[in-house]
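Make a model of the complete structure from these sequences and hints.
In the numbering used here, each residue carries its 1-based index in the sequence shown increased by 1.
Don't take each hint at face value.
[Stated by the list, open to error] Simulated pairs of lysine-lysine, DSS-like, Cα-Cα distance not exceeding 27 Å:
#1 K311 x K727
#2 K311 x K191
#3 K765 x K727
#4 K473 x K532
#5 K743 x K688
If you are wondering where the hints come from, they were derived from the structure by calculation, not from laboratory data.
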Amino acid sequence: MKLFTLVFAALAALLSVPAPAAELMKLDIDFGHPAWRGVVTPLWGGLPEVERNGNTAALAFGPGSFCGTPLIPCPPGSVVEIAFDASATAIAPGGEAWRTAAVQLGLFDGTAEQSHLDLFNTGRATPFRRYESRTPVSGNGFRLCFGNYGRSGTFRIANLSIRIMVPGRNVERDGSFSGMFGINDWFVQKGGVDWDGLGLGSFEHAKVVKNAFPGAGSTLELDGGATVVSRQFPYNGEGLVVGGWFRQAGIARPEDGRPWAHAGIQLVFFDRDDNVIGHDDVTRQLLPGDRPWGYHVIEISPGGLSPKVKSVALYLRIWGGTAGKAWFDELAVVKQGEGQARNYDSSKGVIAVGPAGEAAELVRVWNGVDLSYCSQIDLPQVRTALRRLKEEGGLEYLRTREFFNGPFPVKSIDAAGNMTYDFSTVDKYLDYPVKELGLKLVPTIETVPPQLRRDSDGHVPKDFALWGRAVKALVRHWIGRYGREEVSQWVFECWNEPGSDFFRGTDEEFCRLFVAYLEALTGVEKECGIKLRIGTPSGAMNNLLSRAMEAARRAGLDGAVTDASTHIYGGFAGAMELYRIGIEDVRKRMEPFPAGRGVPVHVTEFNGSAMGSRHFDTQTGAAFVVKANRLMADEGVLRTYFYCAIDHPYLNLEHHYSTDLGYMTHYDAVPKPSFNALVLLNRLEGKRLPVKASSEPFDAMAAVAGDGTMRIVVTTFSEEELGAAKPVPVTLEIDWAGRPEKLGRAELVRIDSAHANSYAAFEKAGKPSYRENPDTAAYREAAKLVPEALQAYRFENGKLIIPLVLELNSVAAVTVK
Numbered sequence: 002m003k004l005f006t007l008v009f010a011a012l013a014a015l016l017s018v019p020a021p022a023a024e025l026m027k028l029d030i031d032f033g034h035p036a037w038r039g040v041v042t043p044l045w046g047g048l049p050e051v052e053r054n055g056n057t058a059a060l061a062f063g064p065g066s067f068c069g070t071p072l073i074p075c076p077p078g079s080v081v082e083i084a085f086d087a088s089a090t091a092i093a094p095g096g097e098a099w100r101t102a103a104v105q106l107g108l109f110d111g112t113a114e115q116s117h118l119d120l121f122n123t124g125r126a127t128p129f130r131r132y133e134s135r136t137p138v139s140g141n142g143f144r145l146c147f148g149n150y151g152r153s154g155t156f157r158i159a160n161l162s163i164r165i166m167v168p169g170r171n172v173e174r175d176g177s178f179s180g181m182f183g184i185n186d187w188f189v190q191k192g193g194v195d196w197d198g199l200g201l202g203s204f205e206h207a208k209v210v211k212n213a214f215p216g217a218g219s220t221l222e223l224d225g226g227a228t229v230v231s232r233q234f235p236y237n238g239e240g241l242v243v244g245g246w247f248r249q250a251g252i253a254r255p256e257d258g259r260p261w262a263h264a265g266i267q268l269v270f271f272d273r274d275d276n277v278i279g280h281d282d283v284t285r286q287l288l289p290g291d292r293p294w295g296y297h298v299i300e301i302s303p304g305g306l307s308p309k310v311k312s313v314a315l316y317l318r319i320w321g322g323t324a325g326k327a328w329f330d331e332l333a334v335v336k337q338g339e340g341q342a343r344n345y346d347s348s349k350g351v352i353a354v355g356p357a358g359e360a361a362e363l364v365r366v367w368n369g370v371d372l373s374y375c376s377q378i379d380l381p382q383v384r385t386a387l388r389r390l391k392e393e394g395g396l397e398y399l400r401t402r403e404f405f406n407g408p409f410p411v412k413s414i415d416a417a418g419n420m421t422y423d424f425s426t427v428d429k430y431l432d433y434p435v436k437e438l439g440l441k442l443v444p445t446i447e448t449v450p451p452q453l454r455r456d457s458d459g460h461v462p463k464d465f466a467l468w469g470r471a472v473k474a475l476v477r478h479w480i481g482r483y484g485r486e487e488v489s490q491w492v493f494e495c496w497n498e499p500g501s502d503f504f505r506g507t508d509e510e511f512c513r514l515f516v517a518y519l520e521a522l523t524g525v526e527k528e529c530g531i532k533l534r535i536g537t538p539s540g541a542m543n544n545l546l547s548r549a550m551e552a553a554r555r556a557g558l559d560g561a562v563t564d565a566s567t568h569i570y571g572g573f574a575g576a577m578e579l580y581r582i583g584i585e586d587v588r589k590r591m592e593p594f595p596a597g598r599g600v601p602v603h604v605t606e607f608n609g610s611a612m613g614s615r616h617f618d619t620q621t622g623a624a625f626v627v628k629a630n631r632l633m634a635d636e637g638v639l640r641t642y643f644y645c646a647i648d649h650p651y652l653n654l655e656h657h658y659s660t661d662l663g664y665m666t667h668y669d670a671v672p673k674p675s676f677n678a679l680v681l682l683n684r685l686e687g688k689r690l691p692v693k694a695s696s697e698p699f700d701a702m703a704a705v706a707g708d709g710t711m712r713i714v715v716t717t718f719s720e721e722e723l724g725a726a727k728p729v730p731v732t733l734e735i736d737w738a739g740r741p742e743k744l745g746r747a748e749l750v751r752i753d754s755a756h757a758n759s760y761a762a763f764e765k766a767g768k769p770s771y772r773e774n775p776d777t778a779a780y781r782e783a784a785k786l787v788p789e790a791l792q793a794y795r796f797e798n799g800k801l802i803i804p805l806v807l808e809l810n811s812v813a814a815v816t817v818k
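What follows is the structure, given as structure tokens:
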């Protein structure tokens, strides 16, 4: 491409792109500074020479040498500003005419380059001058590469500047550590432990150094366990974009340390009393060993954190007891928008129900659950949990996974690729839910049989077609064992959360797996005369759903996808608003594909948090279950799948209640309050009634049966006052027009600190360990749902008025007829 065309294009971009207000990241590289080698590395050919001319240092590239930055992530909608000085001698092309001196901006979606822009490209002798460009980014990252493709001549580049601009305002005033610790922006923790009980390290292990990063400012260096914390930034529901540069060397946690206790950047959430109530890892993977300089960024949508979060802060750390070094630079916290005003009043509430004339279909969205690994079905406490979920909770769909490792159905593969199978262990696990309980499955197809693994982690096959053949054999076996009618009602998914560590290949490799999965299932459809429900990747993140569907379209298979799924965790730290945001995101990503428009959406994992929380065990968990299902029902999902059926049964946990995520406890499947909330939701029948509450935190789901019985399940789940149990007056105003002003049935069932609460009995017993008290009879008795007569109600102006006093973060079910 001719040089004048490139300059014109860059100028046009500069004039046409609006200027976002905040500088998220800047990288000013002085090639006279040795630290440039940390962020610019050779791609091919030898290292360029550093040439000095006065105060300017330039990289000089001889023939066939090229360098580049790492892939730099950024939020979609960012503007990347690039500026540099460049010159070239006459260069003979290294093949095609454009293969001369070049500066190229590659635009990425995930780890795949989607396109690139030539910011400089010439083989003519060109004197030094300044080049500038501003490029909007629709993907989620970019990379800058530069050098000499040619067979002769020299290309020189100097004073390279890279910036990421985003809407909003950067509230971190000192992202490069120009000030003193403990005075302005950064504060070193002097011992103590964090929210996980892990050490914050020592003051003497943190210092500010020069010349560790190419930028002009200073760099934070941690040498051993230490934690440096930013100021707390007030939060009121704004969008957040948080980023920073990070490097580590020789990081090694102690043998008894937590698996993640290495080094990294964390965004920590505080409530109004400055208590830590959650966090997010900006460095998404917390790893041992060495990591070169890399940029890390997270984006939180407006309203994406719990309203209980009143401020946030950055934690830059090596965990206490962990050895090694880490460096941090160019930290930014960008706020977007003005926050949200919520209609919140927990002092009293009014919930209006009806009229019956506006009743609509009652979609029983709550009738799914996730179990995780299928091998757990063989455990007696898991079978007990599944039976109770079926009989009392109305469970219809069970999500489970990992059929290739654990059961190991593939026994051998010969040189021609022919496989022998033994599905007896898979059958042992699945016969119970399918044949004995009559449950439908959501099989998440994932991992690779050992004989097909490319490497030890079992995530990428040596041969994608052979992996697809194994998938096909598995599904054909299920059809033969359980029948076409049965398997046609199952909903298949491809891999669990492939954008995370659950898949350790590249995005491109996962897209190939997804296509192989689609080829296998559509092949089964043709061979067996069956129509399957073929779902998307399960909980795909980082734009991976869009990329997988695009790969399917290129293969002519996007039309085979009949269902879409996502995973959403919010309520205890993340906000309940994440449910609306997550469901909308799935629909938006399916919209470009004709067959994807309007497909049923499943939330195949949800809970208040993906990490341990005491609220999983208490009445707050029950209140959350009702609230979350109401929100997802209103968003039109087909089904929700609570994660998970039972606390992780393989963990060697000391106590019956362990802040884990299940409906029931891990040893003996004792029902928690959350299970009781499911039972009350399952008692709703008939048509769904409209409900309107005076304010948060009051909400309800209501239905009227064919015989006129009305059931209202009330929740007082409060994000702002999570875990509080204060008594609050709540009035139900039920439209009663046209009905006799008398009641033959009027009862109330509560789930609160004193009712239907097995955890309360455990607390009352002094929280004994399992070894001290393996008997769970008292806990089971305390878990029972006990109806009580409504003591007060009246009829007034065509309404049935029921005054109640309920605890905050509790559930109450009212039945009237």
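Of the hints given before, which are not true for this structure?
none
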